[in-house]
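J.: Residue-level listing of the chains:
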Amino acid sequence: MINDVEISTGGTDTTMTLMDVLERCFELAMRTGVADDEQPGVIGYFPVYFPEEIVHAAGLRPHALLGGGNKLEVRLADARIGSFVCSICRSTTEQGLNGTLRGMQGFFTQPICDAAKHMAGIWGRNFPAQPSQILALPQNVNSAASVRYVYDEYQRLRSVLAAQVGHDIPDGAIRASLRVYNENRRLQRELYRVRCDDPARLSTVETYLFVRAGTRIRREEHNVLLREALRLLAERPVRPRDKPRVVFLGGFCEQPPLEMIETIEDACFIIDDDLLIGQRWITEDIAADDGVDPVWALAESYVERSASSPVQYDARKPKEEMLMHMLRDARAEAAILTAAKFCEPGLDDQLALSHRLDAEKVPYLVLEFEEKMTSFEQMAMQVETFAESLLFH
Amino acid sequence: MSVITEGLDARTTGQRLVNQWLASLGTARARGQPVAYVFVMGNAIEILRAFGFEMVFPEINSLQTGVRKAAPDFIAKAEDFGFSPDVCSYVKADVGLMLSNMQHPSGIRMPVPDLAIASSLCNVYIKWAEIWERRFGTPAFVLDIPGKRFAAWKSPVGSPQHLTDARWVEGQFRDLIARCEQITGKKFDSDRLAEVEAHVNEMIRLWIEILAFNQHRPAPYNSMLDGLTYMGVLNAWRGTPEGVEYMRLLHAEIAGKVARGEGRVPHERFRLVFSGTPCYVNMRRLIELFESHGGVFAASDYLTYAAGGLDSAGLFYDTSRPLESLAEVTTLASQMGLSNHFFSHHALAQQMKDFAADGIVYHGIKSCRTVATSMADNREYVTTRHGMPTLYIESDLIDPRYWSDAQIKNRVDAFFEVLEQRRNLQSIREC
Amino acid sequence: MDYVAGIDVGSTQAKGVILDEQGTLVSKAIIDMETNMGTAAEEIFQRVLESANLQASAIAFTVATGYGRYRVAFGDLQVTEISCHARGALAEFPGTRTVLDIGGQDTKAIRIGDSGEVKDFAMNDKCAAGTGRFLGAASFALEMPLSELGPLALKSTKPVKITTTCTVFAESEIIGHLAKGHRPEDVLMGMHHSIATRCASLVRRVGLAPEITFTGGVSRNHAMVALLQEVLGTPLNVSAQAQFMGAIGAGLYALDHARAGRQQREEVVR
Amino acid sequence: MMLVVGIDIGSTYTKAVMMDESRGVRATAIRRSGYKPAAAAAAVYEDLLANAGVAREEVTYIATSGYGRYMVPFRHTQITELTCHALATVYHFPQVRTILDIGGQDIKAIRIDEGGRVRAFRLNDKCAAGTGAFLEKTARYLGLNTGDIGPYALRSTRPVEISSVCAVFAESEVINHLSTGVAPEDIMQGAISALAGRAVQLMKRVGLEQDFALAGGMTQNAAMVAAIAAKLDAPLNLPPQGLGQFNGAFGAALLGLRRAERLQAEGREIPPPGSEGPVQAARRWSLFVQAAQEPAMAPGLKALKVLR
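Protein chains in written order, with my numbering: chain A, 1 to 393; chain B, 1001 to 1431; chain C, 2001 to 2270; chain D, 3001 to 3308.
The following block holds chain A by itself, in its conformation from the complex (with noise of 0.2 angstroms):
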């Protein structure tokens, strides 16, 4: 089903189509598995963000766990995990059970919450060949001392790395990947822009895929799917539509279903949203220029130029604050607060969000999901009425 089209990293190619770009994000973004034999070698990442310039700059492939989505058959995992647990931990079990990640040569997890720390402990139990760890990004990231801790984390990922490839990874690499992450990012920035100015050009679900893409391919070919999509995107026939302008929260770490977004968007433009918030974490372009410590430089863009999200504390970034900014930078009217189920942070921070639009009397519509869930048909209910409140009378 898949075919490996060779994107060369030079020139364009002008014979694809918008609806071409599309299809080959689509089947990147829907792998689940990764090659026995696959080259780069993969190292896989549980969310929210990686650096994954450190992994790049080794030679190998950052791959992002984004669960095993609602057609994956979880048959092994529940013998393992607790059934209060979300179903990204699951899923990611259930890939590791089955086989499906066995070509990874490492897992990383991260403290963002309870559970995805114990994925280092799972791991490590049943994939002994596959090192896996946890990389300790700080939850702390407001002390003056935060920086220097990123950075020795990573300089010792950085050796972990470079045991297992077999060579120093040099401050060059680290910089050229630096650069190639830098483009990545703006032209991640560059698609949110063309959604938010005019939604009928660019769904969400279109900028989803191409984003996702990402994940599953060296950055250098997904920097040229992106360059493509976006002069595509420019030559698009739009056909404006009225549907209320909203943005969704809740896609930052397990994934709601691509049918669960296209339900939102039967009845609503997403403006802005928090799906895959770790593939653009870092909101500048980091410093690249010789002289400067790249590993450094990484560490200090992470805790001093980025994104948020409930799984992180920030005392410069109150979750109320980011929500109202994010609904006046995109111009929107209502917000779409979702928690995956189970996901502790997530519906907490749900509850704190909802209080504050109350008070600011800004409509919102709360929905819970699953990767997993398949019938929408509540959902579909739910989105309606709350574009029918805001669109009727």
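Hints in this document: simulated from the structure, not taken from any laboratory.
Worth double-checking, as some hints may not be accurate.
[Claimed, not checked] Using C-beta positions, here's what the derived DEER-type ranges look like:
(1) E235/A x D3113/D: 50 to 58 angstroms
(2) R2183/C x P240/A: 55 to 63 angstroms
(3) F1136/B x R3268/D: 53 to 61 angstroms
(4) Y2070/C x T1229/B: 28 to 36 angstroms
(5) E3046/D x T17/A: 29 to 37 angstroms
(6) A3222/D x E2143/C: 23 to 31 angstroms
(7) D20/A x E3057/D: 45 to 53 angstroms
(8) D3211/D x T17/A: 52 to 60 angstroms
We put the CB at the ideal spot given by N, CA and C, even for glycine.
Add chains B, C and D to chain A, keeping to what the hints say.
T.: Coordinates of chains B, C and D only, in the frame set by chain A:
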């Protein structure tokens, strides 16, 4: 001022100490005493004590709502407020307390915090502190203490990795000290910190020995009943002369029992290791179910992590360099004890051996992913690799709605049938 | 001649057996649970006595099992259904190393050691539909008796994927699929598949070891047996008395005690 | 003379209301939805026409609601049941601001403004034992018909407490109570009280603004109405006699009438039914996910071959 009276037993002394602590919380505001909210894992109590803070343990407040049968009302208030049933029931009980004008069922009106420290050892702590931040306007002080990175993680004392992590923790302690100075208007007194640490050192020494006493057969106390009361006192009075005094009393009493061969269970038949957090609403009932079969919990990982990991580092404070040493010990305790839930298979197997236990009982908590996410996987590993009999039961910390008596009794009864059959087989083989 | 009784009081049904000294099944009975477990136990006891044509005094020892085991006033001993199902399954299939019992309230996987001892057991989580109750939900949604579910499922050509694990929401998911135009047999097959998967997961929890014996009423459902064999990758033993396995196991425990008691009496006499 | 029809295709029952320009109800009809909602809707529509003694051609406009709203080919428009309940309720009770609708599979709490506009709404948490189905299950255990639940529970003198959030747990509680000899009416009343508690909790999440109204099938259950009113400590407005179950259909008819009137006022022709299909312009990528991923073997199929 001390409630410690000559001639009283540890139990009475412990009760008095807890009551005294609670009473002083109730009057803290009136006395103009600064108040800190802290958790049992990763809390920097030593620094707070050096500044003279009164310490509120929201976890203890919440478990007490369970013990005092008020949890359902408190939880209902939080759910009415909008909290999901899937959220930690300690958090919900605490929200219930906030929505009840801070009137705790112990009779104490809990003071609001001047400072709240949430460590990263349980991520829910941080979300919890965010709730206080919204409610009381008290900024959260998030203390990031890096734990184990993987199961075989070794971070020997003084190794570069240990010092790297400790430097990070120390940096945050310095931030905390600045915050404390600002709140209390007092200058940090390093000698006072050393004094507190000296008390803690003595408590650590005694606690390690008390834990080891239960290696005797019969076990002198039940980790998951008596042990819980020890821990309440130990947490509330950590770093104080009263705490040391209590521990000495306790130590002497248990040593006496060991010498006399007195066991907690009259006819100890099975020695067990408990993994997980207690179900405080039904703990007596649960213990009764086990003790009726002659089963005693000789050891529990709970006594390590809920006691702040005191026993786990094997390291004492160097009072000649109190702050650096605090960071080093805190880091090590976090890596060797407090982040063990994520990789607990080795530690449990070790406890099985040390305590000559017959089996492990896993108690999965519906709303606590910190202890329970991978228990089933852990159990599978321990059972297959070490051939140990294990039992998995599930309920909640304090939410009685998740306690199903018939189901738990059924599982416990069946587990003891397994243990009996196994013992019979062993004795046949030995013949 | 002494007889023994095994009484299994579950949440939805009560079952009873009488065994003779050799452990041979003399009579059996099953009734649906009315309101009170205690009276149901009395009733089932009377039934087995009647059909064996015996007086209560002929019963030397009675073991009660199941959720209501402590409600059996006349029981001499209570043993959990874990031990009883293992015992019953071993008696009929001595090679049994794993027992799977799908009951109304609970599904159990039991691992048996080489000496016939219970080594490990696991029961389903409340949130995971691996119980017969899940089929009950299907039966209600389709307005069709339980016994017809299996045969209809076997007619399926395109099983629908059922994702809900919660029984409560299974009913609405079934209705949803039917409303979308899926054929009842395909939905049912999906349902069976979902249960089989959950049960297999439970079996794996105790470490799958052949032979596997499938006990409980659901074992009469051919679709379920076939699916379980498929997902477990091994054939299953299914007894004609599958529903009575717990009661038979209880009867066998009763027999042990009756024998031990007689030995003791004889020693005393001597 | 204009006649409009509202059809509410719910998960358990399909209900229809015929209304004339005076907003008076001309006829109602109801059937079990079964698992063929399109067929049920067609049949109910036939029943409705027969009940009203009206020919198909005389109906001007048809609006559908409920979860099967898109499954009726002969509709003019569709609208969600929440919007319908809001419209219907505010029509009957202009002062109502919070509506509770207890359905078979979910509970909905809706806050509305004076124009009947939905301001906020919440559905029950997934793991809550708070749906009508829970009550029906309990009734089934006790050997009762759904219709008997209310009268039966009203006989209770000492209701038991059923505390579980999860309906599966709650069921165990019911079994447990039964086996210890608790009177069935006390269990039934306990279940009703538990459900009422959940329902009121949901109402609190949308703001609990007075007055209150109850919609849906539970309006016929006097014990439930009393339990909710007691928990709210305020009276509940109930739809007019016999219309409780038809509230959604009534709302759909009201909205249909409003639209038809507007079209008429604007001098526009009312289009033929069936012209408003589901809005689906964008490509449904979700349909291709299965194909994009490795085609998984349907494990049911092999078993099938073995048995045949």
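J.: Each of the hints needs a verdict: does it hold here or not?
T.: The hints, checked one at a time:
no.: 1; hint: E235/A x D3113/D: 50 to 58 angstroms; result: 44 angstroms, violated
no.: 2; hint: R2183/C x P240/A: 55 to 63 angstroms; result: 42 angstroms, violated
no.: 3; hint: F1136/B x R3268/D: 53 to 61 angstroms; result: 60 angstroms, holds
no.: 4; hint: Y2070/C x T1229/B: 28 to 36 angstroms; result: 31 angstroms, holds
no.: 5; hint: E3046/D x T17/A: 29 to 37 angstroms; result: 49 angstroms, violated
no.: 6; hint: A3222/D x E2143/C: 23 to 31 angstroms; result: 28 angstroms, holds
no.: 7; hint: D20/A x E3057/D: 45 to 53 angstroms; result: 51 angstroms, holds
no.: 8; hint: D3211/D x T17/A: 52 to 60 angstroms; result: 58 angstroms, holds
In terms of the numbered hints stated before, the structure departs from hints 1, 2, 5, listed from lowest to highest.
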